[in-house]
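Chains as they are written, first to last, in the working numbering: chain S, 1 to 258; chain W, 1 to 271.
It should be emphasised that the hints constitute simulated quantities derived from the structure, not laboratory data.
Among the hints, a few may not be true.
[To be verified] In silico contact screen, one side only, chain S against chain W (beta carbon under 8 Å); selected entries:
no., residue
1, 32
2, 38
3, 43
4, 71
5, 72
6, 76
7, 130
8, 132
9, 252
[Stated by the list, open to error] Here are a few chain S residues that sit away from chain W, every Cβ distance over 10 Å (derived from the structure):
no., residue
10, 11
11, 24
12, 44
13, 233
Beta carbons are placed, not taken as given, at the ideal position from N, Cα and C, and that holds for glycine.
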Amino acid sequence: MNDVAMKSRRRFLTRLAAGAGTLLLAGCERLSESSWFPKVLSAGERLSHAAQSLVTGRKAMAQEFSEADLSPTFRSNGTAEPDSEAYAALAAKGFADYRLDVGGLVGAPRSFSLADLRALDSRTQITRHDCVEGWSAIGKWKGAKLSALLDVVKAKPEARYVVFYCADPMSEDGKDLYYESIDMDDAWHAQTILAYELNGEALPVKNGAPLRLRVERQLGYKHAKYVMRIELVESFAHIAGGNGGYWEDQGYQWYAGI
Amino acid sequence: MAELYYRHTLAVRVMHWINVVALTILFMSGLMIFNAHPRLYWGKSSYTGRPPILEIGARESPESGVIGYTTIFGREFRTTGVLGLSTEPTGRVAARAFPSWLTIPDFQWLSMARAWHFFFAWILVINGLCYIVYSIWSRHLRRDLIPTRAQLAKIGQSIKDHLLFRHEAGEAATRYNVLQKLAYLIVIFVLLPLVILMGLAMSPRIDTLFTGWVDLFGGRQSARTIHFVAAWLIVAFVLIHVFQVIVTGLWNNLRSMITGRYRIPPERSHE
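Given these sequences and hints, build the entire structure.
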């Protein structure tokens, strides 16, 4: 082949590659923005949830670590201090007036003070926190077992999800409060706790004081901070955006096991 | 007219092109996911007291304004325009690790990248399992991919031929050469399983399978680093693969992967 033909062939191939690349990107963009394609993609989430539950088992325990593995400081992500007067008033008094309301599909709804929560069966665990962004931090948590709390309030068999309502507003107008939900497998799981201590001290405000959820087999955004109210429900379709959590309403996966 | 030889079965052709689509999307959506936290670490967590081994970012520089940088093992390189700081399709100069022309979606949209990534991860896994079963059952693996003793004995000659761009012709061109076979075997049985396994090691749920299994690979953040490196090794394979496809006869090779028919290059005549 002569030089000119070679050059024109090379140019043609370069253009072909560039053209294909542009088409691919533009195509993916349109699919991402469409109303139907993300629903197709969400099959991946459902498949992962089913397969991971099947392969690992419902009661499988998350890895626990030693004191030597603790991260020097436990990173705060998302809200570092809820922008709300009610929360500020609670924090100013060291959460002495804090009450956790538990209701919904329960036989004995009630509210818990921090002392009540500390009186429940507790668990201490050194676990790894995996953020959806990609980083991990290891911390030592102590808290009331959610299973102990569910026993006290007499969770009804028809309850399918536990919803956590939080104190931190996520929008400027203060209306969109953070919330999260988990299923009953995670709710009854031995390592699922309502943590009030981090690394041997009272839970700091930046990490969710006075109470945050630890649901160790899922990513960080499921671990609701600043938990104020718990509700047991059959479905979360009627709550906020209907997807079971603040980030889920923004398009994140409800099942955050991967 | 040289004769057409039936080189690739329909099953292999279909699975090959499914891989092309899945791996492209997995790579590009993976880079978008990486962009959400453009640092790589070695260890069980990101915050161990040791600095990251790789970091891509943007920062203010006293002489030249905002720059993009890439730090590898403590050595910083300026990568403005490509890594750390690049122009998005809207014309906006954005602080982002990988540029928009390499990511799906093209702007920062982590949840959508995850949706693409995990959907196509399933496609890759299912396609890969079908391929393994098929290639054992149909003897594709034994017949076409495992190097023969004779080939292995002449591996030095094959390396020399590759370096001199000498390609098989005639009867020899009906088989993969030994380096080609080894490259395919490494990708199929080492790199792809490794990248999938390290992806699963990042899953807090799959970590519960056997206590501490992720530590065999250095911990969760090490697994993330291996996942990233393995993905780029697959890209390196693809670049070499496409290069070889082009230099050994683009249309002939493409046709063989579309219709299955491959024209056997005639024996070199002695000049």
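Hint check, residue 132/S versus chain W [nearest Cβ-Cβ separation less than 8 Å]
Given a least distance of 7 Å, the restraint on residue 132/S holds.
So, residue 76/S near chain W? Judge it on the closest CB pair being under 8 Å.
Given a least distance of 12 Å, the restraint on residue 76/S is violated.
Least C-beta distance from residue 233/S to chain W larger than 10 Å:
holds, 23 Å
Cut-off 8 Å, beta-carbon criterion: hint that residue 252/S touches chain W:
holds, 4 Å
For the hint on residue 71/S, does the least C-beta distance to chain W fall short of 8 Å?
holds, 4 Å
Hint validation: residue 43/S versus chain W, beta carbon distance must be below 8 Å. Holds or violated?
holds, 7 Å
Please confirm whether residue 24/S is truly not at the interface, meaning its C-beta sits more than 10 Å away from all C-beta atoms of chain W.
violated, 7 Å
Residue 38/S was flagged as interface toward chain W. Is the shortest Cβ-Cβ separation under 8 Å?
holds, 6 Å
Take the shortest C-beta to C-beta distance between residue 72/S and chain W; is it under 8 Å?
At 5 Å from the nearest chain W Cβ, residue 72/S passes the 8 Å test, so the hint holds.
Beyond 10 Å from chain W, beta-carbon-wise, is residue 44/S?
violated, 4 Å
Quick one, is the residue 32/S hint okay against chain W at 8 Å, beta carbons?
holds, 5 Å
Hint validity - residue 130/S Cβ closer than 8 Å to any chain W Cβ
Cβ of residue 130/S sits 5 Å from chain W, so the hint holds.
Against the hints set out earlier in the document, violations occur for numbers 6, 11, 12.
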